[in-house]
Amino acid sequence: MWYFRSPSIVYGEDALSFLSELPYERILIVTDRNIVKAGLLSILHSNLPSGSKNLVIDNIPEEPTISDVTDRSKQVMEFSPDLIIGMGGGSSMDAAKALFVMYERPDLDLFDITPLVHLGLRKKSRLILVPTTSGTGSECTWAAVLSDRDHGRKNELASPEIIADYAILDPVLVQKLPQSITRNTAVDAITHAVEGHSSQWKNPYSEAMAEKALRLITHNLPAVLRDGNMKSREMVHIGASMAGLSFSNSQIGLAHAMGHSLGAHFRIAHGMSVGLYLPYVVDFNQDYSVESYEILRQCFPEKYRGESLGETIRKFFREIGQPLDLKATGIDRDEYDLNLSGMVGLAEESTGIITNPREANSQEILELFEAVE
Amino acid sequence: MSKFPSDEWAKEYVEKLNSNESYQDAGKQWEGAITFVIQPDGEFKDTAYLYLDLFHGKCRDYKFSMSAADVPKSEFSYIGKYGNWKRLINKEIDPIQGVLTGKFKLDGSMMKIMRFTKAAKEMVSTASQVSTEF
Ligand SMILES: [Fe+2]
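Chains A and B are the protein sequences, given in the same order.
No gaps in the numbering here: position 161 of the first sequence is 161 in the numbering used here, and each next residue is one more.
Here the numbering used here runs 1000 ahead of the position in the second sequence, where the first position is 1.
Keep in mind that the hints were calculated from the coordinates and are not lab data.
Everything numeric in this text was worked out from a predicted model, so none of it was measured.
Hints are not guaranteed to be accurate.
Simulated restraints, written as ranges between beta carbons of each label pair [unchecked claim]:
# : chain 1 : residue 1 : chain 2 : residue 2 : range
1 : A       : Q286      : B       : N1090     : 26 to 34 Å
2 : A       : D287      : B       : E1075     : 32 to 40 Å
3 : B       : S1006     : A       : Q75       : 55 to 63 Å
4 : B       : N1090     : A       : D334      : 45 to 53 Å
5 : B       : S1128     : A       : R149      : 39 to 47 Å
6 : B       : D1107     : A       : N203      : 40 to 48 Å
7 : B       : M1066     : A       : F111      : 29 to 37 Å
For lysine-lysine, the following DSS-like pairs were computed, each having C-alpha atoms within a straight-line distance of at most 30 Å [claimed, not checked]:
#  : chain 1 : residue 1 : chain 2 : residue 2
8  : A       : K53       : A       : K37
9  : A       : K154      : B       : K1103
10 : B       : K1028     : A       : K154
11 : B       : K1028     : B       : K1058
12 : B       : K1011     : B       : K1081
13 : A       : K303      : A       : K315
14 : B       : K1105     : B       : K1045
15 : B       : K1112     : A       : K74
16 : A       : K327      : A       : K154
17 : B       : K1011     : B       : K1105
18 : B       : K1063     : B       : K1105
19 : B       : K1112     : A       : K154
20 : B       : K1105     : A       : K154
21 : B       : K1081     : B       : K1112
22 : A       : K123      : A       : K154
23 : B       : K1028     : B       : K1063
24 : A       : K154      : A       : K74
25 : B       : K1058     : B       : K1112
26 : B       : K1081     : B       : K1105
27 : A       : K154      : B       : K1058
28 : B       : K1028     : B       : K1091
29 : A       : K212      : A       : K315
30 : B       : K1103     : A       : K123
31 : A       : K123      : B       : K1105
Glycine included, C-beta positions come from ideal geometry on N, C-alpha and C.
Input sequences plus hints: build the corresponding full structure.
Pasting the structure below:
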């Protein structure tokens, strides 16, 4: 017995107009300053139901902490929304999920967000997530990652009840996405597809989503990076949400366990960090995931296909400019080496290590961290 | 072959756990006791308790009983019906998925156990290494 969970998905050109017909009157928007600066908040505004009262929280920081969320919950309680919209990258959408729980259940602690606790949400409001990057997949998942600054730890809060009611994928929101963010977030999505497809918890649904996601992303991303081709952008956007559905319904693996751990020690974009480890993890897993990896290898355009999936990913990453070594990420090698034992410890605590196709012990995780050139 | 659940089975399980290197590695920082609770169903009429005192990758002590009063209190309990234990030992259920689908219940701090999912998984999967008679 297992589940396939997904929000209802509204996608394609003009998808945001779906909002204008909704019967909500008090709408909370959770977003960040860059979204406002990029003019995306006004696009959202122009699509809200006429006459609705809106409150905008536009200062969600990157990689929000538990207190970043709890500090804002009073404002939400006072406003008393009947709809919460999280718009942005993973940070804003995850913060919206957490605020949704705090608003619905002020008696709970954020750490009560586990699949084992019945939260009983949706008594006061509904949740809609609107991604402005193509990669995190957060709009489709039932997890929210919130950092714990004191411990340098990223807490993965998960509950099937925090999955959005609707995810809205409107390509207009990613039209002007800068190249570096387009690349980093797409690499994250590729990693979601690879890990979701080969996870120990893989299932026909996660496999199907991952295969299509990987095809859409790898066949369209080079054109997006070259000239911002709009049709290709839309395909990458859809692919990223499918990759989110894949891993959300199976699990991530070791590349995410290690990438999260690197991200807790160094300031590095999430996609860049998981992508840095992905080829190494894939080589490490190869003999334990032969069938899945062969299918995934075939999903890449022919010109990038190497002998193995690892080689194929390296070729593709080289083409799009995703760093393949530490130097290219800007992290200092000596500092990296000094943090190795802490990074191994943190990676071991991730659920990704039990669902990775090959289980890894501390020594093997250490060797993988060290193997990165 | 040991009958599940029984003191004999528990003894063999603890021996297997203490020689499982993956468990020792994953549980090297774990401190806290856990009780396996086997609940009655059509096939098995009683409730059985296996208390395990776990410390830094080793099981220091154990106690098997058919009565809750006979086993010490523990920080965690992993609870399931006899039929689901059988499927778990036969590797037909993943121990963590078993919890997520409600086949097993986990009592105790989720925050703590979520950082030790590898140890938890190794602990439960060791049960499938015991040559078991049902
Ligand atoms: Fe990710």
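The hint says 39 to 47 Å between B:S1128 and A:R149; measuring C-beta to C-beta, is that right? holds (40 Å)
Agreement of B:K1028 and B:K1063 with the hint, judged by alpha carbon distance not exceeding 30 Å: holds (22 Å)
Has the given pair, B:K1028 with B:K1058, been kept, meaning a C-alpha gap of at most 30 Å? Answer holds: B:K1028 to B:K1058 is near 8 Å, not above 30 Å.
Straight-line alpha-carbon gap A:K154 to B:K1058, limit 30 Å: Holds, at about 28 Å.
Is the straight-line distance between the alpha-carbon of B:K1081 and that of B:K1112 30 Å or less? holds (24 Å)
Whether the CB-CB distance between B:M1066 and A:F111 falls inside 29 to 37 Å: This hint holds: roughly 35 Å between Cβ atoms.
Given the hinted pair B:K1112 and A:K154, is their alpha-carbon gap at most 30 Å? Holds - the C-alpha atoms of A:K154 and B:K1112 are around 14 Å apart, at most 30 Å.
Between the alpha carbons of B:K1011 and B:K1105, is the straight-line distance 30 Å or under? Given that 30 Å is the threshold and the Cα spacing comes to 24 Å, the pair holds.
Can you let me know if the beta-carbon spacing of B:S1006 and A:Q75 is within 55 to 63 Å? holds (58 Å)
Is A:K154 close enough to B:K1103, meaning Cα to Cα at most 30 Å? holds (28 Å)
Given the hinted pair A:K53 and A:K37, is their Cα-Cα distance within 30 Å? Holds, at roughly 22 Å.
Between B:N1090 and A:D334, is the Cβ distance one that fits in 45 to 53 Å? holds (50 Å)
The earlier numbered hint that this structure contradicts is number 6, and it is the only one.
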